[in-house]
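S.K.: Next come the chains, spelled out residue by residue.
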Amino acid sequence: MFEGKVKADVLREVVDVVSTLVDEAKFNVGKDSVTVKAVDPAHVAMVDLTLDRGAFEAYKADEGELGIDMDKMKEILRLAKAGETIAMRHDEDKNRLVVTVGNTTRRMALVDTAGMSDPKVPSLNLPAKVVVRTDELRQAIRASESISDHIALKASPEGFEVVSEGDTDNVSHMVPKDLLEEIQAKEAVRSLFPLDYFSNMVKAISSAPNVTLYLGSDYPVKMEFKIAGGKGEVKFLLAPRIESDG
Amino acid sequence: MFEGKVKADVLREVVDVVSTLVDEAKFNVGKDSVTVKAVDPAHVAMVDLTLDRGAFEAYKADEGELGIDMDKMKEILRLAKAGETIAMRHDEDKNRLVVTVGNTTRRMALVDTAGMSDPKVPSLNLPAKVVVRTDELRQAIRASESISDHIALKASPEGFEVVSEGDTDNVSHMVPKDLLEEIQAKEAVRSLFPLDYFSNMVKAISSAPNVTLYLGSDYPVKMEFKIAGGKGEVKFLLAPRIESDG
Amino acid sequence: MFEGKVKADVLREVVDVVSTLVDEAKFNVGKDSVTVKAVDPAHVAMVDLTLDRGAFEAYKADEGELGIDMDKMKEILRLAKAGETIAMRHDEDKNRLVVTVGNTTRRMALVDTAGMSDPKVPSLNLPAKVVVRTDELRQAIRASESISDHIALKASPEGFEVVSEGDTDNVSHMVPKDLLEEIQAKEAVRSLFPLDYFSNMVKAISSAPNVTLYLGSDYPVKMEFKIAGGKGEVKFLLAPRIESDG
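Chains as they are written, first to last, in numbering that gives the first Met the number 0: chain B, 0 to 245; chain P, 0 to 245; chain F, 0 to 245.
Hints in this document: simulated from the structure, not taken from any laboratory. Please read all numbers here as calculations on a predicted model, not as lab measurements. Certain hints may be false.
For chains that are exact copies, the list does not tell them apart, and a pair is met inside one copy or across any two.
What the hints assert, rightly or not - Calculated pairs, EDC-like style, for lysine to aspartate or glutamate (alpha carbon to alpha carbon, straight line, at most 20 Å):
#  : residue 1 : residue 2
1  : LYS6      : ASP177
2  : LYS36     : GLU242
3  : LYS93     : ASP166
4  : LYS6      : ASP166
5  : LYS202    : GLU74
6  : LYS73     : ASP168
7  : LYS93     : GLU164
8  : LYS230    : ASP51
9  : LYS73     : GLU164
10 : LYS93     : ASP168
11 : LYS6      : ASP68
12 : LYS6      : GLU83
13 : LYS59     : ASP15
14 : LYS202    : ASP111
15 : LYS176    : ASP148
16 : LYS6      : ASP148
17 : LYS73     : ASP166
18 : LYS176    : ASP39
19 : LYS80     : GLU144
Model the full assembly from the supplied sequences, consistent with the hints where possible.
M.R.: Following this line, the structure appears as structure tokens:
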């Protein structure tokens, strides 16, 4: 069984994060938290999200799983006013999620989770760590958009840099170490990523002021940030694109 | 003859209501009021609008009729700033409407009203009456949009409900009787309507906080609301869609 | 050499004006000012822009010319926050413009100026002069947009008028002389212009409250306005369209 009440803003953060990679996802509900692990259809990126029961206004659940369509959740979120609470209840007889906002109740068919994988989060040993303001990432992405469809993320003892190289122009967004919240990088590392994936991941961050990035050279990037005012956490993992020459 | 001055906001309400059903309409001007009666081209809906002379800043008219193109009126309304007054005058020699906003004057050819019918508003004996906040109707429509292209309007001693049934999901927006301004319904009634028509009618309500609905079972709905701060009134009539089974 | 710092708002005014007529332009930098002269590809309109060194926060330049792509400058301007300063430097070795906003640096290939002409501003003897509020021009253009793709600009001892004649409707925007900042017109003059050009020129005016128009009969219009809080000036010239009859 599952029954919960949650602020629309918290649910919106969860839906924004998950829908960045998949249209439908398996939500694992448990006594203490809800978790979602999902890999995008192209197997380029992974999300690992945890929402503590404390992020809910009310929460009651046994172990179970719910297959949820992200577009339907977005439709419901569009009905909610600022600060409004959304109530959810699993109707097990009809395998429906019953979602209520104000006077509106939607009975929503759940998605079959049989075909959904349980991705394992790989353990990576990434040598560099950067804690950067989300705004800096957004600005770096905006600056790169017209230049190339790839960006390089770089960390060094001097700071964190996002670089985009085009045919005629290049853009560098350099955050020197004294403008970072934290940096650990003994030597310079650099990996190249598809801009669209990285951009969508950063756009999914709605409230966290800072993001933690773990980086290596030609290695995946791990991106961590808080949701629900610290009562939940997201880990994104994005595969690198190997550069043909330098 | 016809000569009048009217606040842009009042004219905008009138144009929004009439253009919901028709592109061109016959405005009947009289000593005490302007009225418009029109049926949409598919003969599914009817509007019956009255604007008292008191809704105008200045008003002088003999009996007459003006065929007006709604798109042209919208263009003029886009020129008006908040609170601005629009002056209108019928130039009978050239059969033009001369409309002035600020320093701008548009001389607008009138539409031939010869082919425009004078629809008779049918007298209906509708057993249920509901006075509901416009916001509730808007929310019910938004919730229904992705579910189906029809909605059912229901009234019962318990309250007023808007229901939309899709293939997998359904949505109910229930306003219990204590959240309604007024309800008269001895027994339960229910009629099904095309969502697009009903939605456009509700979108045409710009200032009225409440709407009065008259309902029956498999009967048209009559929708009444005030415009121009009470100095005008709109009656919409919308035909039901008969459900094949239940 | 060229090195300068300028408020984003000032650079935006310059880019908006120049990009109205051309995608790429030759910026002539000198000790005391930057100037741009350009003719649109259809040879219908000309711009002559001067920005004094005092419009910059910092400025250092020898005589030289920079071929600049307007779209790239717009992309950089989108990165700037209100009040932010943009630094520019000509990297002569690589023939690049290095533009910095906040932590973002774009190295931008310059455009070859060899093929760009140096248009001569014709000397015209235009009998009428009108100084009109920019808002009045904007309103006149909005009112004309649905009527025709041409507008007539008229000046007479009574005032300044913008007229648009359609098949069935016409629009007049008349600014009587007491609502003008200044008017000099011994007799009535009238010229017809393509609406799209005139509209784009007026849209390029972002801060000047007034515009000076020099007019004749079937003659080009000259439009002058200030940019950069008076530390720069724009002259637009637009060819008339000769009316076949009257």
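S.K.: Please go over all the hints and tell whether each is borne out by the structure.
M.R.: Against the structure, the hints come out as follows:
In this homomeric assembly, LYS6 and ASP177 never come within 20 Å of each other (Cα to Cα): the closest approach is 36 Å inside a single copy and 25 Å across copies. For the homomeric pair LYS36 and GLU242, neither the shortest alpha-carbon distance inside one copy (29 Å) nor that between copies (44 Å) is at most 20 Å. Within a single copy, LYS93 and ASP166 get their C-alpha atoms only as close as 57 Å, which misses the 20 Å cut-off; across copies the closest is 14 Å, which meets it. Proximity of LYS6 and ASP166 under a CA criterion of 20 Å is satisfied in neither setting, with 47 Å inside one chain copy and 28 Å between copies.
Proximity of LYS202 to GLU74 under the C-alpha cut-off of 20 Å is found in both arrangements, the shortest distances being 19 Å within a copy and 19 Å between copies. Taking the shortest alpha-carbon separations for LYS73 and ASP168, only the inter-copy value of 14 Å comes in at or below 20 Å, while the best intra-copy value is 38 Å. In this assembly of identical chains, LYS93 and GLU164 lie within 20 Å of each other by CA distance solely across copies; the values are 15 Å between and 54 Å within a copy. In this assembly of identical chains, LYS230 and ASP51 lie within 20 Å of each other by CA distance solely inside one copy; the values are 6 Å within and 55 Å between copies.
Taking the shortest Cα distances, LYS73 and GLU164 sit within 20 Å of each other only across copies (19 Å), while inside one copy they are farther apart (36 Å). Taking CA atoms no more than 20 Å apart as the test, LYS93 paired with ASP168 passes between copies only; the shortest distance there is 11 Å, against 57 Å inside one copy. Taking identical chains as interchangeable, the C-alpha atoms of LYS6 and ASP68 lie at most 20 Å apart only when both belong to the same chain, with a minimum of 19 Å there against 47 Å between chains. Within a single copy, LYS6 and GLU83 get their C-alpha atoms as close as 6 Å, which meets the 20 Å cut-off; across copies the closest is 36 Å, which misses it.
Proximity of LYS59 and ASP15 under a CA criterion of 20 Å is satisfied in neither setting, with 24 Å inside one chain copy and 48 Å between copies. Taking CA atoms no more than 20 Å apart as the test, LYS202 paired with ASP111 passes in neither setting, with 28 Å inside one copy and 37 Å between copies. Proximity of LYS176 and ASP148 under a CA criterion of 20 Å is satisfied in neither setting, with 26 Å inside one chain copy and 56 Å between copies. Within a single copy, LYS6 and ASP148 get their C-alpha atoms no closer than 36 Å, and across copies no closer than 29 Å, so neither meets the 20 Å cut-off.
Proximity of LYS73 to ASP166 under the C-alpha cut-off of 20 Å is restricted to the inter-copy arrangement: shortest distance 19 Å between copies versus 39 Å within a copy. Within a single copy, LYS176 and ASP39 get their C-alpha atoms no closer than 33 Å, and across copies no closer than 47 Å, so neither meets the 20 Å cut-off. In this assembly of identical chains, LYS80 and GLU144 lie within 20 Å of each other by CA distance solely across copies; the values are 17 Å between and 33 Å within a copy.
Hint compliance for this structure: hints 1, 2, 4, 13, 14, 15, 16, 18 are broken, all remaining hints hold.
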